[in-house]
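In this text, residue positions in the sequence shown follow the UniProt record's numbering: the first is 1, and each later residue adds one.
Read the hints as simulated data drawn from the structure, not as lab findings. Be careful, since some hints might not be right.
As the list claims (entries may be wrong) - Label-pair distances were calculated between CB atoms; the ranges are:
(1) ASP206 / SER46: 56 to 64 angstroms
(2) SER250 / GLY29: 45 to 53 angstroms
(3) ARG121 / LYS318: 53 to 61 angstroms
(4) ASP337 / ALA16: 24 to 32 angstroms
(5) ASP277 / ALA322: 17 to 25 angstroms
(6) PRO197 / PRO298: 15 to 23 angstroms
To be verified - Taking lysine-lysine and the BS3-like style, the derived pairs with C-alpha atoms no more than 30 angstroms apart in a straight line are:
(7) LYS136 / LYS318
(8) LYS209 / LYS25
(9) LYS136 / LYS25
(10) LYS25 / LYS132
(11) LYS40 / LYS178
(12) LYS25 / LYS217
(13) LYS178 / LYS292
(14) LYS25 / LYS40
(15) LYS209 / LYS178
(16) LYS40 / LYS217
(17) LYS136 / LYS40
Yeah, the Cβ is synthetic: ideal placement off N, Cα and C, and Gly gets one too.
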Amino acid sequence: MDALTLGATDLSRFEAFSIVSVGYKAVHGHTITVDVLYPKSLNDPSQEHVLSVPRPVLLRYHGGGLIAGYSLFPPFFSPWYLELAQEHSAIIVSPNYRLLPESSVLEVLEDVEDHWQWMHRSLPILLQQETKGTVKPDLSRIMAIGDSAGGYLSLQMALSHPDEIRAVNAVYPIVNPKAPYFSSCQERPVFNLPAYPPDTLRWHLDSIKRQEALTQKPMIVSAAADADRFRLMFAACQYGQLGQLFPAASITPYLLERLDAGARFPRGGVLILHGLDDTVAPVEESYLLRRKLAQVDPSLNFRLVVRDGEHGFDHLAKLHDAWLWDAIQDIVRSWLD
Numbered sequence: 001m002d003a004l005t006l007g008a009t010d011l012s013r014f015e016a017f018s019i020v021s022v023g024y025k026a027v028h029g030h031t032i033t034v035d036v037l038y039p040k041s042l043n044d045p046s047q048e049h050v051l052s053v054p055r056p057v058l059l060r061y062h063g064g065g066l067i068a069g070y071s072l073f074p075p076f077f078s079p080w081y082l083e084l085a086q087e088h089s090a091i092i093v094s095p096n097y098r099l100l101p102e103s104s105v106l107e108v109l110e111d112v113e114d115h116w117q118w119m120h121r122s123l124p125i126l127l128q129q130e131t132k133g134t135v136k137p138d139l140s141r142i143m144a145i146g147d148s149a150g151g152y153l154s155l156q157m158a159l160s161h162p163d164e165i166r167a168v169n170a171v172y173p174i175v176n177p178k179a180p181y182f183s184s185c186q187e188r189p190v191f192n193l194p195a196y197p198p199d200t201l202r203w204h205l206d207s208i209k210r211q212e213a214l215t216q217k218p219m220i221v222s223a224a225a226d227a228d229r230f231r232l233m234f235a236a237c238q239y240g241q242l243g244q245l246f247p248a249a250s251i252t253p254y255l256l257e258r259l260d261a262g263a264r265f266p267r268g269g270v271l272i273l274h275g276l277d278d279t280v281a282p283v284e285e286s287y288l289l290r291r292k293l294a295q296v297d298p299s300l301n302f303r304l305v306v307r308d309g310e311h312g313f314d315h316l317a318k319l320h321d322a323w324l325w326d327a328i329q330d331i332v333r334s335w336l337d
């Protein structure tokens with residue numbers, strides 16, 4: 001917990017990037033933002049040979065259990081994604097979205113879809129204005145990436161846009177919110193954190209109701225990285241309560257049910273990286289996704305790489321570490337070629 005709050009202000013990992021932050025939609029007067037990052041090296045006139053070709057896009061969704069975090073929260077932003085963008089002079093597009101439990105999962109998915117539309121409509125214009133036309137996005141070369149909740153969203157968007165997203169990298173994603181791990185309400189250890197009160201989520205929901213009754217308008221949160229928010233997130237993990245926030249009546253939030261209904265991932269492939277000792281999003285769910293795809297889409301280029309380690313195990317990885325470099329080759333080739 002301390003590492004999360006202390007790391008919130010350390011933006012050093014972004015020093016090699018220019019960052020443009022704008023709103024992409026507003027809900028009840030609340031502006032939801034997106035951060036667009038591109039390597040500062042693209043500001044160098046000597047890079048004309050690179051700039052003559054529109055740059056590929058990494059569409060990156062942040063983690064935080066759908067409850068906490070924001071698009072540029074440093075502890076949740078894997079450094080190797082930044083290295084990948086630098087290696088290929090790529091643009092990273094990292095949107096915020098409404099967070100649970102103030103909003104619903106369906107509203108989260110509405111936001112990322114609205115952002116998708118914004119990206120195609122407005123990103124080229126934004127970069128034209130910000131860079132005087134020197135940096136152009138190639139929206140025919142998009143790879144969806146993200147970890148944890150961001151991995152879930154990258155998989156969701158890939159199912160929604162399989163012909164426009166070339167490939168997917170989801171790192172320790174939430175795969176099946178209906179799994180007992182996410183919905184049993186049974187206490188379990190998460191990292192080495194102390195046990196938070198089991199009523200933490202209920203107290204927060206009660207607080208939302210009081211606040212909304214007072215203001216007579218919906219409470220909306222789209223960026224949150226304070227200690228109270230992380231306690232809420234970890235308490236929901238500890239007591240298997242995240243699944244309670246997913247609606248039972250719609251298949252839209254459920255990856256496995258969407259696959260059963262005929263949705264398919266991009267033909268360029270899906271790579272999942274997962275830690276064997278993950279106490280937040282258990283690796284068994286990624287094995288389950290692999291079994292499901294073997295049944296419904298056996299020709300898909302799907303790869304699951306399991307390594308020793310906890311949730312977040314890859315945050316110390318370097319792009320050219322042998323295991324990671326080997327793992328990403330297929331999806332990077334599909335993204336760029």
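For each hint, the structure was consulted:
no.: 1; hint: ASP206 / SER46: 56 to 64 angstroms; result: holds, 59 angstroms
no.: 2; hint: SER250 / GLY29: 45 to 53 angstroms; result: violated, 27 angstroms
no.: 3; hint: ARG121 / LYS318: 53 to 61 angstroms; result: violated, 36 angstroms
no.: 4; hint: ASP337 / ALA16: 24 to 32 angstroms; result: holds, 25 angstroms
no.: 5; hint: ASP277 / ALA322: 17 to 25 angstroms; result: holds, 21 angstroms
no.: 6; hint: PRO197 / PRO298: 15 to 23 angstroms; result: violated, 46 angstroms
no.: 7; hint: LYS136 / LYS318; result: holds, 27 angstroms
no.: 8; hint: LYS209 / LYS25; result: holds, 24 angstroms
no.: 9; hint: LYS136 / LYS25; result: holds, 22 angstroms
no.: 10; hint: LYS25 / LYS132; result: holds, 24 angstroms
no.: 11; hint: LYS40 / LYS178; result: violated, 43 angstroms
no.: 12; hint: LYS25 / LYS217; result: holds, 18 angstroms
no.: 13; hint: LYS178 / LYS292; result: holds, 15 angstroms
no.: 14; hint: LYS25 / LYS40; result: holds, 27 angstroms
no.: 15; hint: LYS209 / LYS178; result: holds, 25 angstroms
no.: 16; hint: LYS40 / LYS217; result: violated, 41 angstroms
no.: 17; hint: LYS136 / LYS40; result: holds, 14 angstroms
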